[in-house]
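S.K.: In case you want the letters, here they are:
4 protein chains.
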Amino acid sequence: MKLAILIHCSDKSGIISSVTHFIHQKGGNIVYLDQHVDKEAGIFFMRLESEFENNISLSGFKEEFANGMAKKYGMHWDVHLEDTKPKMGIFVSKYNHCLYDLLSRFNSGELLVDIPFILSNHQNLKYIADQFQIPYYHIPVTKENKESAETKQLDLLRRYEVDFIVLARYMQILSPKLIDAYPQKIINIHHSFLPAFAGAKPYHAAFERGVKIIGATSHYVTADLDAGPIVEQDVTTVSHSHSIKDFIAKGRDLEKIVLSRAVKLHLSRKTIVYNNKTVIFS
Amino acid sequence: MKLAILIHCSDKSGIISSVTHFIHQKGGNIVYLDQHVDKEAGIFFMRLESEFENNISLSGFKEEFANGMAKKYGMHWDVHLEDTKPKMGIFVSKYNHCLYDLLSRFNSGELLVDIPFILSNHQNLKYIADQFQIPYYHIPVTKENKESAETKQLDLLRRYEVDFIVLARYMQILSPKLIDAYPQKIINIHHSFLPAFAGAKPYHAAFERGVKIIGATSHYVTADLDAGPIVEQDVTTVSHSHSIKDFIAKGRDLEKIVLSRAVKLHLSRKTIVYNNKTVIFS
Amino acid sequence: MKLAILIHCSDKSGIISSVTHFIHQKGGNIVYLDQHVDKEAGIFFMRLESEFENNISLSGFKEEFANGMAKKYGMHWDVHLEDTKPKMGIFVSKYNHCLYDLLSRFNSGELLVDIPFILSNHQNLKYIADQFQIPYYHIPVTKENKESAETKQLDLLRRYEVDFIVLARYMQILSPKLIDAYPQKIINIHHSFLPAFAGAKPYHAAFERGVKIIGATSHYVTADLDAGPIVEQDVTTVSHSHSIKDFIAKGRDLEKIVLSRAVKLHLSRKTIVYNNKTVIFS
Amino acid sequence: MKLAILIHCSDKSGIISSVTHFIHQKGGNIVYLDQHVDKEAGIFFMRLESEFENNISLSGFKEEFANGMAKKYGMHWDVHLEDTKPKMGIFVSKYNHCLYDLLSRFNSGELLVDIPFILSNHQNLKYIADQFQIPYYHIPVTKENKESAETKQLDLLRRYEVDFIVLARYMQILSPKLIDAYPQKIINIHHSFLPAFAGAKPYHAAFERGVKIIGATSHYVTADLDAGPIVEQDVTTVSHSHSIKDFIAKGRDLEKIVLSRAVKLHLSRKTIVYNNKTVIFS
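Chains as they are written, first to last, in the numbering used here: chain D, 1 to 282; chain S, 1 to 282; chain B, 1 to 282; chain V, 1 to 282.
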């Protein structure tokens, strides 16, 4: 049995020693430990993986941890049993590159998830859902039907017990209600190196500004548009010789890779969010 | 004799053919030609280098070009005799890394310039000027003396017949008068990947935002702060494990390399500015 | 009508002027021109694109060019009519990431080709061919049947009139006969930054050597294994914390992007091969 | 008082817990802990930093650690008191860029070292030593005088009690005796992305091969030329348009940055060497 434990709390002396001692007493062998202290903010972070030869009671472990360590240090914490398969909902609009990338990784066994459905405000990508035999729900979104569309989305998410959502170039702004229902569990890909060029048409804005580097950013969605905690970023060079169309084509390759990396980091429980930033244990 | 010719004008049919024909007739051998068309803006750009076995009259060449090609197509153009050494003024404040980098390149023969002086609003870096035996002028800048400081700066620039200015982490905003006197001839290094984090303390802002990539941008100075045409950019990865101090240290390496690249591009006449952007022939 | 013309020959004075004059006389407007001189080798290279308002006779153009320019300067040259769709044969073995990437780009209209078939020495990836409704030919290759397998491959290539071949992680060494039949028309992806780690198991070798950077290289296939002209390379950082499995996963993302870029450069006629190297007009 | 402890040994259960418990008992607060297990090789690595409010006896700490932890787990280990300034000897030949870079960082307080001398087989860079007021020793090396040159070098290193050596583009092969005297304490910069292009003239070889990426590698020197444990690597893109001279100029910028990074990692005790590889705690 293998557990991943994520912790953050006010930085104090003795936390590492206490936690590793606790794990050791429970018969666990620590196979990975990484910690970090944000000295500006005075916050301690730790991720550890521990193997247990004899299967222990997970609920018992959690209870004891909660009443001991966690209480003592005022920890935010999470314990995950490895090899559980979360349910990942995918939202798309018309662009197919991120969807194709996610599904081909899924089909290759690279992503340990279930994909109960693909949801879109358009019909365009249904053929890909069909190719990969995944249910496709078309929920159009207009100015008028925003509320009912949101209700349908939430119904779908609940019915399929979706654990987290990937916006694979979904071109609609999510409702606050939906965002609240999935805190730090909605991963978006934005087609610029944020905070530059937030909002609509970032490639056009980048072309206009004459930058020599373009990028893509994957972040957790919050109520502020394109301002959530950044999980992953990457960039590529451009020059005057590239048109907006070239920017878009080069950007596509960034977007799909950056989004997939973020999904994999989230899946392997390597992210902690605090102060609208992330700690990424990689 | 070798000439570099830079041209831009409205895009029309036949420009390349006309210009190359003209050069050929003058006995020139074209050893480099690169052209670009910004189709959005409908502008044609060309850079060519031509060798002439027999030395021709440069003023004659220019006159004929002006009255022929240039008039016909309404060109903005420039002809440069290779191996002339422009005079480069350096402005610094307290940080030494960009200055050291420029001067060590200069001392190695990597930069074909004269450096008549280093100007600073502080005394701190005089020791480096001394190390490299270059005159150092200390012109303090305060709220009160801005105008007189500017006058002194302009006097110095005129006296030494400075051709272009490099702001090697000069932490003062230049006066509009000075900027006007050196259009597209003042190269600044800003310590972020513009347009993200323009203005003061970009590393602090980047840390606060939790970005995974930081950068540096070299640009021509215009009246709008940090908004001039970008010449060169580069980036490096950071993570949660880096403090602001780490950002600054990593950034220093970017800044000096990016600034030097921009200076070399400017020196080798490989930049054309239009619409607040650059064409870089590299 | 739009033509792309690729030229290389011994470097002499007047080539650019002659060619642009010729195009102009034929009524062509040069919309792109890039040239390069390898001064070490004394070779001149040029790529130009020209638009003709009135459709001209392509064969007439070629004949005149051959007897004029080309003879005079001893040119290797090629003229391509834009928007022709070449036939691209894909060879795969068991890894699916490059195949998925190519086919999803193909399906999105990003690659202007026909894909008459996918050929493999294994059955494993037939399901992907089915997903994208492309014929899949299974031609097993063993020590014993090498010759007959090769014959089958060549038959297939001829029957479908394949123009160029992409080895999308095809794990067999091609026969010299096949390589000879497609000179500079077989594009391979090798999973290392060549010339480091040529041959089998490059990720294992990279791990063993303890490198901090891994890469992928796309090159034209020649008789020498992994030693053909390099079209495109890219790299990514690794650390001691990455296992061989991690190298392979990170490498997959490089491989598919690098291969696709090479295919697109080849398709858009932006490559010239000489001295076992490439000139890439980008 | 702050200690950095580096450990590696066969991987066993309970090491982290034991060590952190030990530190805690001694009154230490662990402010940094990173560990790594090479599962292929079955080796455990750990780096930790611990602050002690009351100054403890370093020799006492070491003795107790040696007889306890270290014996029990068969550890290779090292304890370093922070803020000690090691003595760094610099070897150069004719290229000045790495030397300038190291010395300007040294002068800025970026490198916490003493630099007792610069040693060279040429007179060329004496002027830089003079600029920075550091003793310069000229020890010519020829086929005939190799042995006596080596003796002089070793004398110098002993006299000044040099802790580690930086080869800042020193173009001579060190004698085995010197290498043996400084195991894992000689840092070299090689001007290629090793293992590609080991040995002489790597930029020429890279140009010849037509690579699209060049690099630089910093490694600990071992008896095998350019085959020691890699500390740091970086790369930059090149194209057909770059001459060998361009490769060299672009490479210079890589070399100096990569070497400085390696020196800083070594200085901050963030490197462990095993199996001719490095673990870099960054």
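Source of the hints: derived by calculation from the structure; they are not laboratory data. Mixed in with the good hints, there may be bad ones.
No distinction is drawn between identical chains; accordingly, a pair holds when it is met within one copy or between any pair of copies.
What the hints assert, rightly or not - Derived DSS-like pairs: lysine-lysine, alpha-carbon spacing no greater than 25 Å straight-line: (1) 264 x 94; (2) 85 x 245; (3) 26 x 72; (4) 94 x 245; (5) 12 x 177; (6) 94 x 2; (7) 245 x 146; (8) 250 x 146.
S.K.: Against this structure, judge whether each hint is valid.
M.R.: To see whether the hints hold, each was checked on the structure:
For the identical chains of this complex, residue 264 and residue 94 are neighbours both inside a copy (23 Å) and across copies (23 Å), given an alpha-carbon limit of 25 Å. In this assembly of identical chains, the alpha carbons of residue 85 and residue 245 lie at most 25 Å apart only when taken from different copies (20 Å versus 38 Å within one copy). Taking CA atoms no more than 25 Å apart as the test, residue 26 paired with residue 72 passes in both settings, with 18 Å inside one copy and 21 Å between copies. Taking the shortest Cα distances, residue 94 and residue 245 sit within 25 Å of each other inside one copy (16 Å), while across copies they are farther apart (34 Å).
With identical chains, the CA atoms of residue 12 and residue 177 are never at most 25 Å apart, being 36 Å at best within one copy and 49 Å at best between copies. In this homomeric assembly, residue 94 and residue 2 never come within 25 Å of each other (Cα to Cα): the closest approach is 40 Å inside a single copy and 31 Å across copies. In the homo-oligomer, the alpha carbons of residue 245 and residue 146 never lie at most 25 Å apart, since the shortest distance is 31 Å inside one protomer and 45 Å across protomers. Taking the shortest Cα distances, residue 250 and residue 146 never come within 25 Å of each other, neither inside one copy (33 Å) nor across copies (40 Å).
Checked against the numbered hints given earlier, this structure breaks hints 5, 6, 7, 8; the rest are met.
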